[in-house]
Amino acid sequence: MEQQKISKNLVRTFLIVILAANVVLTIVNLYLTFQFNQALTNLRLQGKIPDSTFMITAKADDADLGEPAAYFSENVVLKQTAHFGTLYASAYVIMPHYGVVTIKLKSFNVTESKYLSLDKLNETEVSYADETQSYVYVLAPGFNQINAQIRLKAKVPLNPENLPSKNESIRFSLGHLFLEAEAFDFETRAKVISDFSSEIFITIEMPD
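Counted the way the working numbering counts, the sequence shown spans residues 2 to 209.
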């Protein structure tokens, strides 16, 4: 009973710390955005940056889709796994007017590996985990920072001859996912595009 109380207190303390950290990070992010917009406004007033400035840059962290969420076997031989995870992407946009930014997947290039089935290498896929085909965010005039969380799924045909033993796991790069962030200006109908990529990792662990 005493241990349960201590455990609950630790969990409660941990959650409070996480919540406080998120609040602090949100405040810092809002403050930095405000400061950047103030600096941008000052530069425009000084004539150093035209009011028509319209630009975008985007980036993504490497994504780890972790261990298999599902296993597919033939005659008790593991042939394929499915993985799910989240890719974190950011877009930084300077807008002259209101608009939107659309972040979407473009293509996936698989990296050859001894753990993958060479005969089915072209069947290796990384795609949206749900029916979402793009992520759209509204933009205001000035500086905008968009943080996107893109749910992914991976279909991975395996080479049965190079799988780990039970109670062991292997982590490796599955390949590179290429994405596009497109900002659209409602008033001028103009658009700018930023291409970026993320390296995708998975972990293979044999089921019990």
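Hints should not be assumed to be uniformly reliable.
Claimed, not checked - Listed below are the simulated SDA-like cross-link pairs for lysine to any residue, each with C-alpha atoms no more than 20 angstroms apart in a straight line:
no. : residue 1 : residue 2
1   : K60       : F197
2   : K115      : F202
3   : K156      : H177
4   : K105      : H177
5   : K60       : Y129
6   : K167      : G67
7   : K154      : G67
8   : K115      : M56
9   : K192      : E132
10  : K105      : Y138
11  : K80       : L119
12  : K156      : I57
13  : K60       : P161
14  : K105      : E132
15  : K115      : Y72
16  : K154      : F73
17  : K80       : N160
18  : K105      : V193
19  : K167      : M207
20  : K115      : S170
21  : K154      : S195
22  : K154      : A70
23  : K105      : M207
24  : K156      : E132
25  : K107      : E132
26  : K80       : M207
27  : K115      : E169
28  : K80       : P165
29  : K107      : F85
Please keep in mind that the hints were generated in silico from the structure rather than gathered at the bench.
Hints versus structure:
| no. | hint | in the structure |
| --- | --- | --- |
| 1 | K60 x F197 | holds (6 angstroms) |
| 2 | K115 x F202 | holds (15 angstroms) |
| 3 | K156 x H177 | holds (14 angstroms) |
| 4 | K105 x H177 | holds (14 angstroms) |
| 5 | K60 x Y129 | holds (18 angstroms) |
| 6 | K167 x G67 | holds (17 angstroms) |
| 7 | K154 x G67 | holds (11 angstroms) |
| 8 | K115 x M56 | violated (42 angstroms) |
| 9 | K192 x E132 | violated (25 angstroms) |
| 10 | K105 x Y138 | holds (12 angstroms) |
| 11 | K80 x L119 | holds (12 angstroms) |
| 12 | K156 x I57 | violated (32 angstroms) |
| 13 | K60 x P161 | violated (35 angstroms) |
| 14 | K105 x E132 | holds (12 angstroms) |
| 15 | K115 x Y72 | holds (19 angstroms) |
| 16 | K154 x F73 | holds (15 angstroms) |
| 17 | K80 x N160 | holds (7 angstroms) |
| 18 | K105 x V193 | holds (14 angstroms) |
| 19 | K167 x M207 | holds (5 angstroms) |
| 20 | K115 x S170 | holds (14 angstroms) |
| 21 | K154 x S195 | violated (23 angstroms) |
| 22 | K154 x A70 | holds (10 angstroms) |
| 23 | K105 x M207 | violated (33 angstroms) |
| 24 | K156 x E132 | holds (16 angstroms) |
| 25 | K107 x E132 | holds (15 angstroms) |
| 26 | K80 x M207 | holds (11 angstroms) |
| 27 | K115 x E169 | holds (16 angstroms) |
| 28 | K80 x P165 | holds (13 angstroms) |
| 29 | K107 x F85 | holds (18 angstroms) |
Hints 8, 9, 12, 13, 21, 23 from the list above are not met by this structure, while the remaining hints are.
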